[in-house]
Amino acid sequence: MVRTRRIWVTAAAVLALAGGVSGTTAHAQQAPAAAVAAADGKLPPGWHIDQGRSASQLVWRSGRRVPMGDARVEFRSDGRLLGVPKPERDGHTFRLGLDGARAGALKNLQVWGGGRRLDTRPAASVPSVAARPPAPLPANPVDPGRPGPYGTKTGSYRLASVRLPGFSVPVEMQAVVVAPTGVSVARPLALFLHGRHATCYAPHGGSDDASGAWPCPAGTLPVPSHRGYLRDQQLLASQGYVTVSISANGINGQDWQAEDGGAQARSSLIRLHLAHWADWARNPRLAPPIVRRAPRADLSRVLLIGHSRGGEGVNRAALDSLYPPPAGQDGYHGRVRWHISGTVLIGPTVFGQNPVPDVPSLTVLPGCDGDVSDLQGEVYVDGTRAVSRGRALHSAVYVIGADHNFFNSQWTPGQAQAPAEDDFYDDPDHPDAVCSPRAATRLTADQQHRAGSAYIAAAARLFVAGDDKVRPLLDGSGRRAPSADPARVLAHAVGANRGAGFLPDGGMTVTGGRLCSAVDPDPAVACLGEGATGLSPHFAQWETGRETGRHAVALRWTSAGSPTRVRVARPVSLSGAAALALRIFVPPNSQGTGLDVSVTDSRGRRATLGRLRVDGLPGSDRTASYWARELRVPLTAAHRAGIDLRSVTSLALTPRSGSGRAWLMDAWGWRPGTPAVRAAELPRVDVGRLTVDEGDSGVRTYHVPVRVSGRGSGQVRVYVVDPATGTAKDRLVTVRPGGHGIDVPVEVRGNTRFGTDVPYDVLVKAVHGAVVGSYRGGLTVHDDDPAPTVTVTPVADKVTEGSALKWRISLSEAADTDIGALFVPVPVGSGGTELSTKDVDPGWLADASGARPDPERPLSQVDGLYLWLDVPAGQTGLDVSLPTVRDQVEEPAESVTFQQADDDGRPLPGGLVLTGTVTDAS
Numbered sequence: 001m002v003r004t005r006r007i008w009v010t011a012a013a014v015l016a017l018a019g020g021v022s023g024t025t026a027h028a029q030q031a032p033a034a035a036v037a038a039a040d041g042k043l044p045p046g047w048h049i050d051q052g053r054s055a056s057q058l059v060w061r062s063g064r065r066v067p068m069g070d071a072r073v074e075f076r077s078d079g080r081l082l083g084v085p086k087p088e089r090d091g092h093t094f095r096l097g098l099d100g101a102r103a104g105a106l107k108n109l110q111v112w113g114g115g116r117r118l119d120t121r122p123a124a125s126v127p128s129v130a131a132r133p134p135a136p137l138p139a140n141p142v143d144p145g146r147p148g149p150y151g152t153k154t155g156s157y158r159l160a161s162v163r164l165p166g167f168s169v170p171v172e173m174q175a176v177v178v179a180p181t182g183v184s185v186a187r188p189l190a191l192f193l194h195g196r197h198a199t200c201y202a203p204h205g206g207s208d209d210a211s212g213a214w215p216c217p218a219g220t221l222p223v224p225s226h227r228g229y230l231r232d233q234q235l236l237a238s239q240g241y242v243t244v245s246i247s248a249n250g251i252n253g254q255d256w257q258a259e260d261g262g263a264q265a266r267s268s269l270i271r272l273h274l275a276h277w278a279d280w281a282r283n284p285r286l287a288p289p290i291v292r293r294a295p296r297a298d299l300s301r302v303l304l305i306g307h308s309r310g311g312e313g314v315n316r317a318a319l320d321s322l323y324p325p326p327a328g329q330d331g332y333h334g335r336v337r338w339h340i341s342g343t344v345l346i347g348p349t350v351f352g353q354n355p356v357p358d359v360p361s362l363t364v365l366p367g368c369d370g371d372v373s374d375l376q377g378e379v380y381v382d383g384t385r386a387v388s389r390g391r392a393l394h395s396a397v398y399v400i401g402a403d404h405n406f407f408n409s410q411w412t413p414g415q416a417q418a419p420a421e422d423d424f425y426d427d428p429d430h431p432d433a434v435c436s437p438r439a440a441t442r443l444t445a446d447q448q449h450r451a452g453s454a455y456i457a458a459a460a461r462l463f464v465a466g467d468d469k470v471r472p473l474l475d476g477s478g479r480r481a482p483s484a485d486p487a488r489v490l491a492h493a494v495g496a497n498r499g500a501g502f503l504p505d506g507g508m509t510v511t512g513g514r515l516c517s518a519v520d521p522d523p524a525v526a527c528l529g530e531g532a533t534g535l536s537p538h539f540a541q542w543e544t545g546r547e548t549g550r551h552a553v554a555l556r557w558t559s560a561g562s563p564t565r566v567r568v569a570r571p572v573s574l575s576g577a578a579a580l581a582l583r584i585f586v587p588p589n590s591q592g593t594g595l596d597v598s599v600t601d602s603r604g605r606r607a608t609l610g611r612l613r614v615d616g617l618p619g620s621d622r623t624a625s626y627w628a629r630e631l632r633v634p635l636t637a638a639h640r641a642g643i644d645l646r647s648v649t650s651l652a653l654t655p656r657s658g659s660g661r662a663w664l665m666d667a668w669g670w671r672p673g674t675p676a677v678r679a680a681e682l683p684r685v686d687v688g689r690l691t692v693d694e695g696d697s698g699v700r701t702y703h704v705p706v707r708v709s710g711r712g713s714g715q716v717r718v719y720v721v722d723p724a725t726g727t728a729k730d731r732l733v734t735v736r737p738g739g740h741g742i743d744v745p746v747e748v749r750g751n752t753r754f755g756t757d758v759p760y761d762v763l764v765k766a767v768h769g770a771v772v773g774s775y776r777g778g779l780t781v782h783d784d785d786p787a788p789t790v791t792v793t794p795v796a797d798k799v800t801e802g803s804a805l806k807w808r809i810s811l812s813e814a815a816d817t818d819i820g821a822l823f824v825p826v827p828v829g830s831g832g833t834e835l836s837t838k839d840v841d842p843g844w845l846a847d848a849s850g851a852r853p854d855p856e857r858p859l860s861q862v863d864g865l866y867l868w869l870d871v872p873a874g875q876t877g878l879d880v881s882l883p884t885v886r887d888q889v890e891e892p893a894e895s896v897t898f899q900q901a902d903d904d905g906r907p908l909p910g911g912l913v914l915t916g917t918v919t920d921a922s
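Just so you know, we're using the working numbering here: the sequence shown kicks off at 1 and counts up by one.
Keep in mind that the hints were calculated from the coordinates and are not lab data.
Among the hints, erroneous ones may be present.
[Stated by the list, open to error] Quick list of the computed label-pair ranges, beta carbon to beta carbon:
{"#": "1", "residue 1": "Gly334", "residue 2": "Gly466", "range": "21 to 31 Å"}
{"#": "2", "residue 1": "Pro44", "residue 2": "Gly843", "range": "12 to 22 Å"}
{"#": "3", "residue 1": "Arg711", "residue 2": "Ala524", "range": "37 to 47 Å"}
{"#": "4", "residue 1": "Gly334", "residue 2": "Gly499", "range": "36 to 46 Å"}
{"#": "5", "residue 1": "Arg438", "residue 2": "Gly466", "range": "41 to 51 Å"}
{"#": "6", "residue 1": "Ser62", "residue 2": "Pro326", "range": "36 to 46 Å"}
{"#": "7", "residue 1": "Arg389", "residue 2": "Thr511", "range": "30 to 40 Å"}
[To be verified] Here are the simulated DSSO-like cross-link-like pairs (lysine-lysine), alpha carbons at most 27 Å apart as the crow flies:
{"#": "8", "residue 1": "Lys838", "residue 2": "Lys806"}
{"#": "9", "residue 1": "Lys86", "residue 2": "Lys107"}
{"#": "10", "residue 1": "Lys798", "residue 2": "Lys838"}
{"#": "11", "residue 1": "Lys729", "residue 2": "Lys107"}
All C-beta atoms in this analysis are idealised placements derived from N, C-alpha and C, irrespective of residue type, glycine included.
Just need the whole structure built from these sequences, with the hints factored in.
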């Protein structure tokens with residue numbers, strides 16, 4: 001058995017770590033492996049390289065269980081994304097194939113998920129006396145959180161399971177329906193999709209017995225995540241909506257293998273359910289009993305509600321309903337017989353960062369989210385700017401004190417059938433100032449769920465029913481829904497009746513401040529830079545370490561009266577607007593920052609519009625509280641000053657406090673109202689993945705498969721990742737159906753040397769006039785050469801004590817990757833005396849196994865003693881030594897045998913063998 005690895009080690013090093021730890025199933029068993037020295041030494045505790053599978057794997061084992069959640073677990077090296085590991089069922093172990101990674105690449109290894117470190121315990125929160133709820137906003141005259149006039153009925157249906165592309169196991173078609181009673185006309189449909197959570201649980205077990213298996217093993221039951229929104233469904237049903245919440249455990253149990261985290265699969269599942277509802281609306285006799293007893297669903301008015309990865313799924317379903325995906329990637333191939341009026345995204349993931357621009361959306365951001373902690377869902381607002389017509393309202397509401405799980409009652413302790421927990425980890429000895437259960441800002445589960453219900457209902461009333469009276473709850477007008485009390489819910493938005501604006505990404509110059517980058521490894525360029533306490537949802541990181549075209553304006557001042565001026569490349573028209581709406585934020589827990597706002601027109605006339613007071617959100621070093629409030633100043637002063645609002649060239653912010661910091665996301669001409677939305681005809685880009693054999697000779701050029709469909713032309717940004725360094729180069733590309741704007745050629749040089757598969761990854765993001773479905777793909781070059789033969793030759797296999805046993809490991813030919821083999825000590829033959837722990841160098845023993853010489857025992861009885869013998873790439877051999885010690889004890893000749901082992905550390909019959917004998921020096 002020959003194993004390859006991609007991490008450089010010193011040829012003379014022979015290192016090992018403790019043996020495997022059994023998991024809950026055979027698949028979750030951690031194979032023994034060697035601790036590897038990277039360029040800066042050994043891998044950190046909890047990390048090792050597993051050479052026992054078809055390709056080398058970087059393995060991290062957490063000391064405490066990592067609950068199955070929605071944030072994507074990521075391995076990073078020196079801040080660079082290595083990849084997304086496969087989770088084992090034990091909840092502790094994560095594995096990442098190292099194809100393409102090279103020598104010296106593993107430095108400063110870290111595990112991240114949703115913007116937070118997973119491989120270290122959270123540091124004690126920095127106390128803050130300012131962590132208190134803001135004053136309640138004025139009440140909105142219309143409160144959508146109050147129950148409607150209808151009674152409700154509840155039932156379920158289960159249909160035949162379906163197969164989805166890329167998944168080996170069928171996915172269930174199961175749902176719970178809550179519908180109004182006493183209604184004879186067709187009613188709008190609201191469909192809920194839960195997020196990624198444990199799929200199975202033991203009825204009498206604890207959280208450690210929950211797993212992500214699918215189908216559920218014997219003795220366990222499916223977690224009924226789809227039944228976690230019954231209260232939300234009941235509220236909507238009382239207001240006249242037919243509601244259905246669908247199950248997606250089959251996707252959750254398999255989405256680790258999907259390049260997009262399962263977004264396309266969830267979209268397919270949603271549209272498969274909608275197709276059935278369209279059939280049932282046409283022919284009710286075919287419907288399940290609960291559907292027959294419900295009012296007929298009006299498929300021209302559909303609201304999609306998704307939680308976490310379900311949020312990304314409903315965004316993709318809205319996209320796919322307007323711009324069809326490639327048939328080979330899709331699980332639904334019928335006609336679109338429905339219209340998506342809007343989406344609600346609760347604590348969503350946004351791995352692709354490509355929101356659908358022309359479907360109204362509400363994104364709920366939980367201020368104490370311990371799963372998707374970076375609140376990356378803000379991209380569903382920010383990422384729509386200038387992509388299309390800008391008429392759809394895209395709103396974000398920040399719910400202070402809400403966690404991720406409690407929006408779903410089946411993920412809430414004390415309410416769930418399966419084990420559940422608060423996803424925000426809190427150390428009782430160092431309670432978080434904002435999110436500790438006893439903090440004044442933290443919501444109870446019932447308070448949080450009630451607030452969620454109210455704002456879901458607000459989105460339904462605005463997006464589906466077209467009731468503009470609830471818009472002030474969502475568009476940053478500073479109103480609250482009393483039914484959500486005592487929750488403090490803040491809102492901002494883009495789109496709708498906002499006109500032209502000042503966009504940092506749209507070409508501008510800044511004086512007195514700086515145009516900063518949302519994602520950049522250089523603190524001098526990055527928006528938050530050094531000294532920030534916590535995270536900003538606006539600057540959530542994507543897959544690249546640096547992004548082009550994502551900016552904000554950063555202000556820092558040490559005295560009042562120092563303006564920051566923003567000048568646009570082309571004059572902005574504020575004509576017809578009632579106010580200038582600015583999205584701006586200051587550091588968390590700060591209060592009373594004063595900023596004067598002024599504008600200048602193309603004739604040089606200037607007017608001060610008014611003064612803003614900006615307060616920071618309650619925040620700690622563990623929250624994403626650098627979030628923009630929407631603040632407005634009327635344009636009355638501009639009219640009085642004779643400003644030509646059709647041609648405004650600059651915006652100035654002048655601080656009136658002594659010192660401080662602020663960040664401007666954008667500014668827009670605003671007027672009330674919610675316009676009708678019609679989706680633009682746009683080109684759609686989907687990146688595929690092609691796998692090709694390396695070949696034995698010659699140079700072949702392949703092209704990454706990219707599909708452009710739809711109509712029109714638009715611009716996208718294409719990132720090509722270097723497989724050797726992990727860095728990405730980008731370019732702006734114009735795309736149109738039938739065009740060749742995205743052409744990524746890859747030259748493949750054939751050879752006959754054994755190596756690794758090499759991925760050439762390509763990422764795409766929409767910029768203007770286009771949408772992106774499958775954002776990630778590329779070309780993988782499969783190495784098709786046989787591995788070299790490994791042999792062992794004794795160099796010094798008979799020595800006196802105090803000398804070192806030596807062997808030479810040789811390859812039949814050099815390889816383009818490291819080649820190694822795992823060896824374990826086995827008892828010597830009958831009648832022989834085995835080398836013991838006191839016969840070898842204690843430092844070698846500690847390095848190889850972590851063991852101590854006492855009590856004395858044969859080497860074959862030392863737990864965790866393994867030898868990983870590694871021949872670096874390009875070399876054909878190495879020498880391995882086992883140092884012995886000289887003692888004063890008379891003893892017979894002693895022997896040692898190391899035998900090649902399989903993945904589980906069991907000796908391989910017929911495998912390579914290292915043998916040696918040590919005689920007494922006296």
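Status of the hints after comparison with the structure:
no.: 1; hint: Gly334 x Gly466: 21 to 31 Å; result: holds, 28 Å
no.: 2; hint: Pro44 x Gly843: 12 to 22 Å; result: holds, 20 Å
no.: 3; hint: Arg711 x Ala524: 37 to 47 Å; result: holds, 43 Å
no.: 4; hint: Gly334 x Gly499: 36 to 46 Å; result: holds, 39 Å
no.: 5; hint: Arg438 x Gly466: 41 to 51 Å; result: holds, 43 Å
no.: 6; hint: Ser62 x Pro326: 36 to 46 Å; result: holds, 37 Å
no.: 7; hint: Arg389 x Thr511: 30 to 40 Å; result: holds, 32 Å
no.: 8; hint: Lys838 x Lys806; result: holds, 19 Å
no.: 9; hint: Lys86 x Lys107; result: holds, 21 Å
no.: 10; hint: Lys798 x Lys838; result: holds, 18 Å
no.: 11; hint: Lys729 x Lys107; result: holds, 22 Å
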